[in-house]
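K.L.:
Protein sequences, first through last, are from chains P and B. Everything in the first sequence is counted per the working numbering, starting at 1 for the first residue and increasing by one. Everything in the second sequence is counted per the working numbering, starting at 1001 for the first residue and increasing by one.
Heads up, a few of these hints could be off.
[What the hints assert, rightly or not] From the structure, some residues in chain P lie toward chain B, with a derived Cβ separation under 7 angstroms: (1) 22; (2) 206; (3) 222; (4) 305; (5) 323; (6) 357; (7) 358.
It should be emphasised that the hints constitute simulated quantities derived from the structure, not laboratory data. Every value quoted in this text rests on a predicted model; they were computed, and no experiment measured them. Glycine is no exception: its CB is placed at the ideal position from the N, C-alpha and C atoms.
2 protein chains.
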Amino acid sequence: MNIQAIDQYIESNLDASVAELSRLCAQPSVAAQNLGIEDCAELVAQALKPRGFSVSIMPTGGSPVVFAERKGGADATLISYNHYDVQPAEPLELWESPPFEPTVRHGRLYARGVADNKGNFIARLHAIDAILNQADELPCNIKFVVEGEEEIGSVNLEPFVKAHQELLAGDVCVWEIGGVNHENSPIQMLGMRGICYVELRVRTANGDVHSGTGGSIFPNAAWRLVWALNSLKGQDEHIRLPGFYNAVIPPTPREKELLVQLPDMRAHYREVYGLDGFLKGIDDPLELAIQAVYQPTCTICGLTSGYQGEGSKTVLPAEASAKVDFRLVPDQRPQQVLTQLREHLDAHGFSDVEIVFLGGNPGAKTDPDHPAVGIAVRAAEDVYDKPTEINPMIGGSGPNFIFQEYLGVPIISNGANDADSRAHAPNESISLDLYAKAAKHFARMMLLMRDY
Amino acid sequence: MNIQAIDQYIESNLDASVAELSRLCAQPSVAAQNLGIEDCAELVAQALKPRGFSVSIMPTGGSPVVFAERKGGADATLISYNHYDVQPAEPLELWESPPFEPTVRHGRLYARGVADNKGNFIARLHAIDAILNQADELPCNIKFVVEGEEEIGSVNLEPFVKAHQELLAGDVCVWEIGGVNHENSPIQMLGMRGICYVELRVRTANGDVHSGTGGSIFPNAAWRLVWALNSLKGQDEHIRLPGFYNAVIPPTPREKELLVQLPDMRAHYREVYGLDGFLKGIDDPLELAIQAVYQPTCTICGLTSGYQGEGSKTVLPAEASAKVDFRLVPDQRPQQVLTQLREHLDAHGFSDVEIVFLGGNPGAKTDPDHPAVGIAVRAAEDVYDKPTEINPMIGGSGPNFIFQEYLGVPIISNGANDADSRAHAPNESISLDLYAKAAKHFARMMLLMRDY
């Protein structure tokens, strides 16, 4: 197959593909608000069918999964994991053009979900069109798993994948997201931390009390919460749950080798976030990179109690709560953390602190020397100006564990995301140049899968 | 003077007095919102002038103080401390009748400020009318000090009183508030704790960060705040500021004798607030009463940081703050506590925690055996059905210190407040029966001042 002809097709038909992407982005599909989910799943199915895919809209108990399959000219199967749901668009007033009216400005397409994840999905279809323009069949089998709950924690994905292991089986999974970093180097993100997100709640009375009456004799929910939180992690940053670090393993020598090659993030973080320095006084780029992703965390994401307005109110709060996320390294498990957390709180006299589990999944990673990673890297070689940077692990989380656990597949990255994409924020966008590059990259991945 | 005739006048002219009170309550005067303050000060002045008082509306830098004086037939001077400002009426939807449309229901007058403190002010004027109906002159000199910032911490009162010590001088001060307890026994509240109210603020970055990126390497404002708070007070309830307890003295034997005679509050607190028990396992009524008011406190009144909505958001907060009030026993001083707090935070590695002082004043108490207390008690004897309970100290705070420090006066109580008054809350009200009793009580106080 002629790669120049494929690239030519991708360039020449870019406007039509962007128009298709714009139609998909014009369909709101906010899982958190149950807005337009069924309609968007239908649009996804309608996009896949004309490309010769057999398509099923499959129930999950929540948003349906669109599953699509097309046989190719080789035995190998490439699974594309995507999601059609998007983050809420609020706050609307911060958008320069309405979130569900896709608009091109200065070479970028703006819309809610265009970067996360509709653009990457349609770019892959554009790559498929380019190949089918040159050949009657695809170079390998392709399966699409397009879910509708990624933005609310993929709450129904694990039982779905577990129940359909044969149907979904494949050799390599291309993750929903990918692209370039803040230095415009293409990246392969090979691992994600897990997460266990909880709300801790304390209630000490059936209503707030005047602080003059109760201050020295009534229990105070805010104090109970502060003490319970303080028992979880001290200023040394050590998380005190029993056995919490038992599963933590350091990066392999190979992973360290890759981490050394990643950009030094210190100046970037200092500038973007206005930081004086980093926790534990770390100031070595490698040490910082290891600390950032090879250690589990216990992060207070929010605190609420009592009076929070202007000035003073002399109230003794009856209720207090904290949002807390634990980022987990492979092979920590959220259920295990919940058990450790309950044990810890009980052992430290905080059996009154309620734990509400708000979601989670384990972390997982792909071996950087897996042949699938070689495919992703080689496919990028003549598409991007710079060589691919391999990031063995990122700090964030996603449902990659589910695919690795139940389908046993390595996971590689492809996409049009860059440092300006503002996923989850107002004015989300993708570069049209990177969109074409993502399609070219995916086309090359498919071609390389012939010999996988 | 004929006390029966005075009581008769108070009863017969009750409707007219309640009408006058209603007009004053119809005038909003919310200091926190700077709403109607000047107009209300003018109404207060207009109420005093026809009663033969020389009246000045005096600037303070904030809300003006209405000062009024009328000479009487004896040398002794009774000072009435009142305030014309009221708490914000919000949340409006919880009011059964609008807060600034005074309404009588089932023998109670409902309006914002009727209990705290307009009712007690007009009741005293009603008592003056009753006496002037019988005599040409008042039995003693009367001075009114009616401020307009009590509900925002009397922020300008101290320099005002200090600057006008001669003008305001007197022998006994009747406090703005008084009445009966939850068992309908008249009470004399002879002391108040002081207060030092601060907001603690931490800022660790110039914006929130994704918790996956920063959880293990970026400082977290919420954690900094939790650790700083935890350093202030542990689960043993001991406040760890250096020297914090140096000024604390136990109740005198006489105060203990009075505390023993007060109602056992344990069952009441358990029921009203749904408590299982009290701090430090205290379950002895006297020990509880001592702990409640003879110890200083450190109360978290509010906590704010990061995400506080439904469900989960994986954010690492750049800012966190807490409202904290310290209730102080005589002779602790707010400025001293601020110094101790700064020293403590710095010494424990929390120099990044900003202290914003939101107001305060020292505590003060009147000797229960002071002759002025005898006047208050004797004045109540034939007004109320039960004997007066003398409470040497309450847990709450107020500017009593200012009067005791600069005017050297004992402070006694008089008013129409009861356990259903709901001061500061929606549906604030007073009983019209207790209103008449408050007027009768104040009339007797004036008469007894002849021989002071």
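K.L.:
Against the earlier hints, flag every one the structure doesn't satisfy and list their numbers going up.
P.N.:
1 and 6
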